[in-house]
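Visitor: Residue numbers (this note's numbering), protein chains in the order written: chain C, 1 to 260; chain U, 261 to 520; chain S, 521 to 780; chain P, 781 to 1040; chain G, 1041 to 1300.
Just so you know, not all the hints are guaranteed correct.
[Unchecked claim] In silico contact screen, one side only, chain G against chain P (beta carbon under 10 Å); selected entries: (1) VAL1050; (2) GLY1054; (3) GLN1060; (4) GLU1111; (5) PHE1147; (6) VAL1156; (7) PHE1226; (8) THR1229; (9) SER1267; (10) VAL1276; (11) TYR1284.
Rather than coming from a laboratory, the hints here were simulated on the basis of the structure.
A virtual CB, placed ideally from N, CA and C, is assigned to each residue, including glycine.
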Amino acid sequence: MDITTIGGVVCAFGLILLGQALEGGNVMSIVQATAALIIFGGTAGAVMVAFPKKQFVMGMKMVRLAFVNQEADMGALARQIVEFASVARRDGVLALEGKLADVQDPFLRRALQFVVDGVDAEVTRSTLDAAIEADFEEHAVGAKVWESAGGFAPTIGILGAVLGLIHVMENLNDPTKLGSGIATAFVATVYGVGSANLLFLPFASKIKVKLAAEKERQTLIAEGVLSIQEGLNPRVLEEKLRAYTREEPSGGGETEKKAA
Amino acid sequence: MDITTIGGVVCAFGLILLGQALEGGNVMSIVQATAALIIFGGTAGAVMVAFPKKQFVMGMKMVRLAFVNQEADMGALARQIVEFASVARRDGVLALEGKLADVQDPFLRRALQFVVDGVDAEVTRSTLDAAIEADFEEHAVGAKVWESAGGFAPTIGILGAVLGLIHVMENLNDPTKLGSGIATAFVATVYGVGSANLLFLPFASKIKVKLAAEKERQTLIAEGVLSIQEGLNPRVLEEKLRAYTREEPSGGGETEKKAA
Amino acid sequence: MDITTIGGVVCAFGLILLGQALEGGNVMSIVQATAALIIFGGTAGAVMVAFPKKQFVMGMKMVRLAFVNQEADMGALARQIVEFASVARRDGVLALEGKLADVQDPFLRRALQFVVDGVDAEVTRSTLDAAIEADFEEHAVGAKVWESAGGFAPTIGILGAVLGLIHVMENLNDPTKLGSGIATAFVATVYGVGSANLLFLPFASKIKVKLAAEKERQTLIAEGVLSIQEGLNPRVLEEKLRAYTREEPSGGGETEKKAA
Amino acid sequence: MDITTIGGVVCAFGLILLGQALEGGNVMSIVQATAALIIFGGTAGAVMVAFPKKQFVMGMKMVRLAFVNQEADMGALARQIVEFASVARRDGVLALEGKLADVQDPFLRRALQFVVDGVDAEVTRSTLDAAIEADFEEHAVGAKVWESAGGFAPTIGILGAVLGLIHVMENLNDPTKLGSGIATAFVATVYGVGSANLLFLPFASKIKVKLAAEKERQTLIAEGVLSIQEGLNPRVLEEKLRAYTREEPSGGGETEKKAA
Amino acid sequence: MDITTIGGVVCAFGLILLGQALEGGNVMSIVQATAALIIFGGTAGAVMVAFPKKQFVMGMKMVRLAFVNQEADMGALARQIVEFASVARRDGVLALEGKLADVQDPFLRRALQFVVDGVDAEVTRSTLDAAIEADFEEHAVGAKVWESAGGFAPTIGILGAVLGLIHVMENLNDPTKLGSGIATAFVATVYGVGSANLLFLPFASKIKVKLAAEKERQTLIAEGVLSIQEGLNPRVLEEKLRAYTREEPSGGGETEKKAA
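Taking the hints into account, I'd like the entire structure generated from these sequences.
Guide: Structure, rendered in structure tokens:
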């Protein structure tokens, strides 16, 4: 579970409703099925027009990504790759073939397979880069679906409010209904602005951050495996991968490293 | 038929009007010919000024793209190209000449013609890249026409509403007409915001997604054909094209592949 | 004459005013000299501060570009270049010298002069690219002047409306003037939003489209002339330039071409 | 003096105030010290938080750039460089050493010094490019300071107006003060929107245009000096620099040039 | 202490509240716990949903960066690197090993270690570049957290105001409470717009400026160390690093330099 997603939703809705209640407002006055129908129906429709079915469905499914916690252990991954580099340097790249069975990660296994198969370095690089980019682009559409929903919802909220106000204005001769009519109309704005800013746009942001982390993990793998192919010194490789792991050098700090 | 486009438009308009009806609003009160004249006439005029005739007409025609369903079978295309690569590797690139008659896709045929003609690889690449980019740029203007309409419509909606309010304000001495006057003025906003958010901007988005898919299809063809020209191993080519097809390797999953 | 520019302006203003008249509004009530003074004076001043004199004047002059129709015949241009390529291949590049007198287009003549003078290919490319880019950048400022006017006008329209409302509010004790005062104030918004969305921003858009077409024409020339210098096969060059002309191959369709 | 800056400010403020006066508004009613305190104090504070002291001060100083007129004579500069190229070609690059004393421009002198010192071409290029870029980036912050002020001012204007309206609303029971209270509150909006659109944003725009001109001047020098180092033919160099000077070729038009 | 951050916050809040007080407004009328609960609770929640826990916490911690003053002495750093270059040129790069103990800066020490270890120049460059970029990207998220807060706060402020207005409208029959109700509702807007424009967005801006300065410092180190590895002449290196230090050449001005 991603605690900031759950906690953030609870915090935002909880405190806003608490503030509303403390001010003496009736929470029930902002529960209104027709406004929900207009805003969420209109937004869903606009997003459906904006994206093909496959991407719309993927976007809906990818909201899951905002709620699960799946941080990769970049340090462990880098250590594993450095270890493969040591094996390859000592016993040749073919020695990696026996190790492939233990590799859990499909992308790492696929990348190592290239090395074992002796595929040309340039082809390996362009194929892995294209795969990373295509995987990222494909899933990034999921974030765009939510961003798009976050863009449509507030304007459709205004649309709903204006529709409500038109209704109010046509019955202006009965001033006793004026206030409650305007109040009802405004609920549409609350739904549109609220759903966009507390749910849709933050969902899009979190999905994008998680996709970027996955892209970086794959880039670490690609860089590492390409360095194995080039026969880079494992110690230099370790240093190179620190850009991704942001770990301090093993052996305890800069001073010792220098002495090594 | 693209069901999300049809379904999205029906869903958005249907649920918004249903919500409006459930709230007791009269749907007829938002049907207003003069507001439509102002918003759609003004928007059409602004878009006409903004684009040359050829592009304006193309944009109008390209709305068709939002409604048709023409997803390419990238997997079948990749398999066809891998098969050509096998033929070329076995029998030489000239052996492809006999296959050209069976190729339906004009872009694939054109690209293979370069290989058969023995055109220099660098010239082939730059010509195909330029053709893909030019084709994309030319059609992308169609999406821009709709994006531009989606940008102008809400502001012209506000223009219409302000014109209506000026009319109301000048007749303020008759307060019985105030409400219906404001209601009428607001309909312009509904038309501007609604058409932009439920039609124009989603159309632009869907057109762009479909053009991007076509561009990716052409890029797959270019990459594949250039790899045939380079004499790349068909198995490596298959692996390389997986970035575009996103298919699992043939032969059933990662485990078997490794064993192969 | 660019008929979409003229037609678009007539269509936008005509239909908006027609809609206004049909709704019973008096067109004269939105003719107001002081509002025009505030909006257009303020916008012109802001744009003058934003751009140097030379660029401001060029922007003003370039509005002409939105009204003239000067579409280049890319196909004829490509054919002419392919013909030059044939001459150069048959008789050497010096044979082009005799043809230069017939070349109307100054950019094409200038580019061919490089070839005839035997200037190094890399220098020719960088010089032509720099000339294309500099020409485009210089004129693109003209579009930016109008974009900038389209950005300032609506906010200065709001400024004008607020100034009008302040005036109204100070005389609130006489409620009979309230309506007409607010109506007058709102005219400033109409001028600001209207001029930006029906004139300034569409002008900027059309100027940009036409500059992009001219840039593409010059790029076609540069690509073609550089290919002549490299001694590219005229048939391959014809194929290459199709990215710019988007013409079907001569000889009637793909099938015949293959047979050739 | 940059006449469009002075003229633009006078034109914008003059015509807006004239329009206001002609409409019967009292100019004094929009002179209000507390609103100025809120808007300009708040904006200055926000900009101070947003930028370090060094950059804030530089931004303040650079407003001078919007008012001075310092257009470089690009043609004369190009002719000077072409002359140096002739000297270098005839007598060797060391012959330029004697000319350095006459060079006024520090950047040109610095660039020529590299040539005279026989520094490696690649090092010269990367050093000059880095110097141009660093100089531009450093000063561009000055434009960003004003852009940032232009972004904060209107929202702080709204903040001021809302603060004023709160004050008005709390005293709603005295309706005679309502109008003047709202008028006072609106002045904050006038200050925020006006200062941003008539001063801050146009200043930022003009500073950016002038920095771009200076960058282009330095790029002309760098291109020219690097061409001298490469020993490029002065006539070809002259042609190359025309991308920056946009001058017609000397000797009167295309026809004569061809004959040369 | 960063005096513009402290001074800017004090200046903005002080002058706005002073202006408010001078206008006769009661400062206490904009102190309202429930509005703060809604705006800051809602904004914090939205930001928590938008970012993973690690990045949210880092963003919160990085606000410290806006308040501390840690300008690097780029000139001293450049002189130190030029000195190392002289040592390396005179005595070989291994002579730098003895100097490493005195190097305070971990990034400079790390970079020099590559030179001393004789790592390949291309590997050194790509590793240092990746490290600089990764470090910048990682911390830039801190600025994005505040930018995101600055984006959510005003819309949640509008949400709070609309919730307040709904409450007011439902009790419209008691007009004596109307004014104070609207005033209360507007405080939510003040909190949202104020916190975004006086705190969150300026914080994000200042954090970004400081991160860019740190990135430039690291780039200076990388450029310098790579030049040492290439054996660049220390005098040319000094000239090259002036792009980063923006110092005048030592020895007092251009004239003397020329004479040297």
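Visitor: For each hint, tell me whether it holds in the structure or not.
Guide: Structure-based check of all given hints:
1. VAL1050: OK, holds: G:VAL1050 within 10 Å of chain P, min 8 Å.
2. GLY1054: holds, 7 Å
3. GLN1060: holds, 5 Å
4. GLU1111: Hint on G:GLU1111: holds, closest Cβ of chain P at ~8 Å, below 10 Å.
5. PHE1147: Violated. Min distance 19 Å.
6. VAL1156: violated, 23 Å
7. PHE1226: Holds. Min distance 5 Å.
8. THR1229: holds, 5 Å
9. SER1267: holds, 9 Å
10. VAL1276: Holds. Min distance 6 Å.
11. TYR1284: holds, 7 Å
When held up to the earlier numbered hints, the structure conflicts with 5, 6 and fits the remainder.
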